Structure formats: structure tokens, C-alpha cells
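Trainee: Here is what each chain is made of, one letter per residue.
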Amino acid sequence: MVTVSTTTHTAQDLTAQARDVLGVSRLTNHALTSWLHGLPGVDQVGCEARAASLGTRSVKTTSKAWAIDTAIGMIDLTTLEGSDTVGKVRSLCAKALVPDPLDPTTPRPAAICVYGDMVATAKAALGDSGIHVAAVATAFPSGRASMPVKLADTRDAVEAGADEIDMVIDRGAFLAGDYLTVFNQIAEVKQACGTAHLKVIMETGELVTYDNVRRASYLSMLAGGDFIKTSTGKVQPAATLPVTLIMLEAVRDWRDLTGSQVGVKPAGGIKTTKDAIKYLVMVSEIAGDDWLTPEWFRFGASSLLNDLILQRQKLATGAYSGADYVTID
Amino acid sequence: MSRLDVRKTYKLYIGGKFPRSESGRSYEVVSATGEFLANAAMGSRKDVRDAVVAARAALPGWSGATAYNRGQVLYRVAEVLEGRRAQFVDEVAASEGLTARAAGAVVDAAIDRVVWYSGWTDKIAQVLGNLNPVAGPFFNVSAPEPTGVVGVLAPQASSLLGLVSVVAPVIASGNTAVVVSSAARPLPAVTFSEVLATSDVPGGVVNIVTAQTAEVATWLAAHRDVNAIDLTGVAGAEGVDWAALEAEAAGNLKRVYRPALADGAPVEPDWNADPGLGRIRAFVETKTVWHPKGL
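First to last, the protein sequences are chains A and B.
Just so it is clear: in the first sequence, position 182 is 186 by the numbering used here, and no numbers are missing.
Just so it is clear: in the second sequence, position 114 is 258 by the numbering used here, and no numbers are missing.
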């Protein structure tokens, strides 16, 4: 059973908190710009070198077994296609309930991630298993819709029983420097979420620079996001190690600054056990072991689960396994 | 003035590329008379694993190609082999301790063997398939289909003729192959991989790992994503127990092609004998289809 801590705030509370953090009497776009652009710049070369060096760790035997099980438990098993059917969502839920029929000790993923209209189907299929249902909302993946539409999208998913909402920020407004709009939208969606857990998708592939990733991370946390998430998975590049490193630094420093902990979710392009283990190493080294639980770190992935299961079978049987021994999603 | 020798360190052939061994190891290859010939990559179990992934990825394309197309590709292999005849003659002579004349005959036989199998690709279904007579209004058709990814332990002694005689029948019917070359005589296999890379064989259809047979054979035999294994290369391989390999292969019910036996011990077959259809037949599955007959 995954627990998530969520705080309910009104948009006014969030604005007041933001004023406190920024030390200003009125939250204006100018105040936000000064604060976000006052954050230290990211050393691109240093960041990429650090991410690459953390990816060279050799994780074997019992550590590997632990890492595989931990990673499975952190997966938001995802299907976000226009062609999703009720049957496909049900079969994905069945896979989440019994990831490997050959080995009942295999842990379950943390959540199923679907479009808002599939929430009720997923909720019914998962029952009281404790696996969460996450819904993407706010005109995912582009985010190009008016605010009433985005809020209605969010409320609809919450009413259908979504435990977690994955929203996208307005990248256009962010890149245009209209930070206050982005802040207000996140704060309003947060309010619309009620008790559901809010993940803020920054779509780092569209943010162009690492400095922007850092600014978007802080802005999302300031506006009340419970998680910051790299990507929708619809834009290349999706999750990368350097981007996740910057986000992990941001959540670590944010906790030092405000005392509240925010989670991180890389999503898109994480396909192999080797990739997943690199991310786990990075979480431990950059943010700390406090983040090494499904409550604070998630993988947005679909094919990753099968590769983790194959590696798990290899450790159990001693023989390399193959695609005949896992389900086709 | 004499030139310095260019001492070669060869690499593996996996997925149409020539990677170094994941282990970083290599070993010295010596001639039949003990002189240094070159360094070969010493493949590890992880190289075999990577080769299986490449072979699996190549399977849909290769098995889905028309038999006619596969025949053309195999014929092209024979052409390129012929074009590099001189290099093969040198390598076979040095590796197997033959005279240039005898080695030339071996290379010619190898080229002819590839041509022979290239002719078979679009005739396998006619010979191994059938229209079965059944008591009902149905067409009942049995047709051979490729088994899948086939692990091949290539012969230890016959480094070229033996090699093509085990690889060609596997790929002729549309299988993809992971080949562990002769451990002591890998050079013709390395050059053969260069032939494959420069003919029209899609990357991953044949993957050649130069390795110590005993070290990697168990991993190949136990691999769940390999559908069949040819144990011909256990004859003369150091420290390999072929019965144990067959037991490992049972883990996922692999097809096993047993080595030739003499007095219970594996021996290398006579590669100059008529190959027959045995090796093609060993790596196909028969699919039977019932189709209603209209009036």
C-alpha cells in the first residue's frame, strides 16, 4: 500500500506561502521573475558529467535484487494512447495486480496512470488492492486549453476516483516569462484536486535549458505541487539523467528551505533495468535515502516493468530469460 | 627495408556491428604450428546475451523475408566469400595446418556449400511440407516454419567448411543464429563475419562470438530466449559436457541438435560428405492448417 501525503490548500494559502518564501508583500510576476532568475545557474558540463559518473556504478547480486524490487514498487504503470480501450486498461490493471504469474513474490507497482476517462475502469479493476490510480489532466499532453476546461478535466478525474493527478504546465506561458500565470494555474489545479495528490509535469524536453528546468521545478513546488515530473512521454527528449539530477537537487534544497518534502517522477524513455538502477543511485546520492520510497520517487513507464521482471527471473533461475516469459502489454 | 607487422586484434560480430567483448578480454590465436596469428576477442556470457537480443530483434524481418530473397542473399554471401578466397585460403591453411592446395579445396567446398543452401531456401517447403489427404471437406496443409533463434556451437576443427555447413542451413529457412566460433581456430569465422557484414545479410541474422566454448556454452544452452541449439561444436571442445548442455536446454524445451557420436563420444562429422536435409529439417517447425474447401 502506497501512502501519499497531501495537504489541501486554497489558492490564497499558496499565494501567502509563496509571499513568505519570496519575502515580498505582493506576489507579482516581477517578484517571481526576480526570485526564479536569482537561482544559481546550472553548470551544464558539470551536471552532465556528474550524471554520467553516477551512471557507472556497478550494482550486483543482493543490491541488484533490492534495486529491482524497489524499482518495480516505484513504477506508475502507464498507458496514454489515443487507442486505449477499456479492455487494455483492465489488462494493464491485471498486470499491476500480478506482475509475474511465475513468481508471486514479485512486488506490485505503485500506481496505474491513465487518461481521465479511464479512471473509473481502472479503479474498478484494481479494487481495494492499494494500487493507486493516477490520471493525466489539464489538456494533457499539450496543456493548450482554457483554464475552466483544465479545471473541469481535473475535477472530472478526481470525481471518478483518481488518487493522483498528473497535470501539465503551460510551457508557452513559462517560456514567455509569464511565471505568475503558471503559478496561478498550478495553484488552482491543486485546489481542484482536493485530497488527490498533484504531480506537476514540466515537459523538460520543451524547456530548452537546464536553468529553465531548475526554475520550473521551484515554481511548481512554490505553487503547491506534491511531485515534480519530467515529461509527458510524448516529447523527445523525455526523462534524462541530468534533468532528473537538477530536479532532485531542487527538492532537496526545497526541503531545507521550507521544511516540506516534494517527490520526483522521471517519465518517458526509461526502458531497462540498467536505466532504472542509474536513477536509483542518483536519488540516493543527490536527494538522499528519504526519497527512496514510492511515496517520494516514481518512474513513469510501461515497458520498464517487463525488463525488471526478466532481470528478476534471471536472478531467481540463473538463466537469461526472454520475452516469452512476460506478458505483452 | 622490411615492414613492421600490423598485429590485428579482432572483435565480435553482434547485430551487424563489430563490438569489443563486454569483458574487455582477448586471447592469442596461434597457427597449427604454434606461431602467433592474431588476437581474438574472448566473448563472455554477456556478449552471448547481447547476441541473443540482436538475433531476436532480427528474426521478424528475416523469417518474414521471402524464401526467394533469402536465397539471393545467401548466394551473395557465396559471391563475397569467393571474392576473398585468397584471405580464406591463408587463414584456413594456417589454422588447420593444411597446404595451400588443400586449404584451397576446403575454401572452394565452403563456397559451394553456401551456394547449395542458397538454392534450397525456396524449396524447403516443397520437400518438407505437404498437402495432407484428410477425410473431410478441407484443404489440410503442413508447412515448415523457422524455429526462431538458434544457438550454434560451431565445429572446433573445421574452421570454415564446418562453420558454413552449420550456419547456412540454420539461416536458410529463416532462423537467426548466435554462433560460438571454434575456440582455437576463430580467424576464418572472424573473416566470415566480415563477409556477412558486406553482403546483404541483415544485421543480427548471424552473430558470431569468438569465445572459450566451455565458458559460454552453458549460458547459451540455458538461455530462455533461444529456441534451439546445435551442439556440433562440443566435439573436441575442452571441458564441455554435452549431456549437461542438453539438460540445460530442457529448461525451455529447446530443440537440440546432438553431436555426431562414435563409441558414445562426440566427434566431428565428415564435412565433405553430402550434407542432406538433416540440418535444415532440425530447425523448422511444422505448422498444419485446415482450410474449408468450397464447392
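Just so you know, the hints here were simulated from the structure itself, not pulled from any lab data.
These numbers come from a predicted model, not from an experiment.
A hint or two may mislead.
[Said to hold, decoys possible] To give an idea of the interface, some chain A residues facing chain B are shown, with a C-beta separation under 8 angstroms as derived from the structure: (1) A56; (2) G59; (3) Y214; (4) A320; (5) S325; (6) D328; (7) Y329.
For glycine and all other residues, C-beta sits at the position ideal for the given N, C-alpha and C.
Trainee: Min Cβ distance, G59 (chain A) to chain B: is it shorter than 8 angstroms?
Mentor: Interface hint status for G59 (chain A): violated (16 angstroms vs cutoff 8 angstroms).
Trainee: Classify the hint on A320 (chain A) as holds or violated, based on whether any CB of chain B lies nearer than 8 angstroms to its CB.
Mentor: Not OK, violated: A320 (chain A) not within 8 angstroms of chain B, min 12 angstroms.
Trainee: So, as I understand it, the hint says A56 (chain A) touches chain B; can you test that by seeing if any CB pair is closer than 8 angstroms?
Mentor: Violated, about 19 angstroms.
Trainee: Identify whether the interface hint at D328 (chain A) stands, where standing means a beta carbon of chain B within less than 8 angstroms of its own.
Mentor: Result: holds, 7 angstroms to nearest chain B Cβ.
Trainee: Can we keep the Y329 (chain A) interface hint, with Cβ of chain B closer than 8 angstroms?
Mentor: Nearest chain B Cβ about 6 angstroms off; hint holds.
Trainee: Is the interface hint for Y214 (chain A) satisfied, with its Cβ closer than 8 angstroms to some Cβ of chain B?
Mentor: 32 angstroms, violated
Trainee: Let me know if the C-beta of S325 (chain A) comes in closer than 8 angstroms to any C-beta of chain B, holds or violated.
Mentor: 5 angstroms, holds
The earlier numbered hints that this structure contradicts are 1, 2, 3 and 4.
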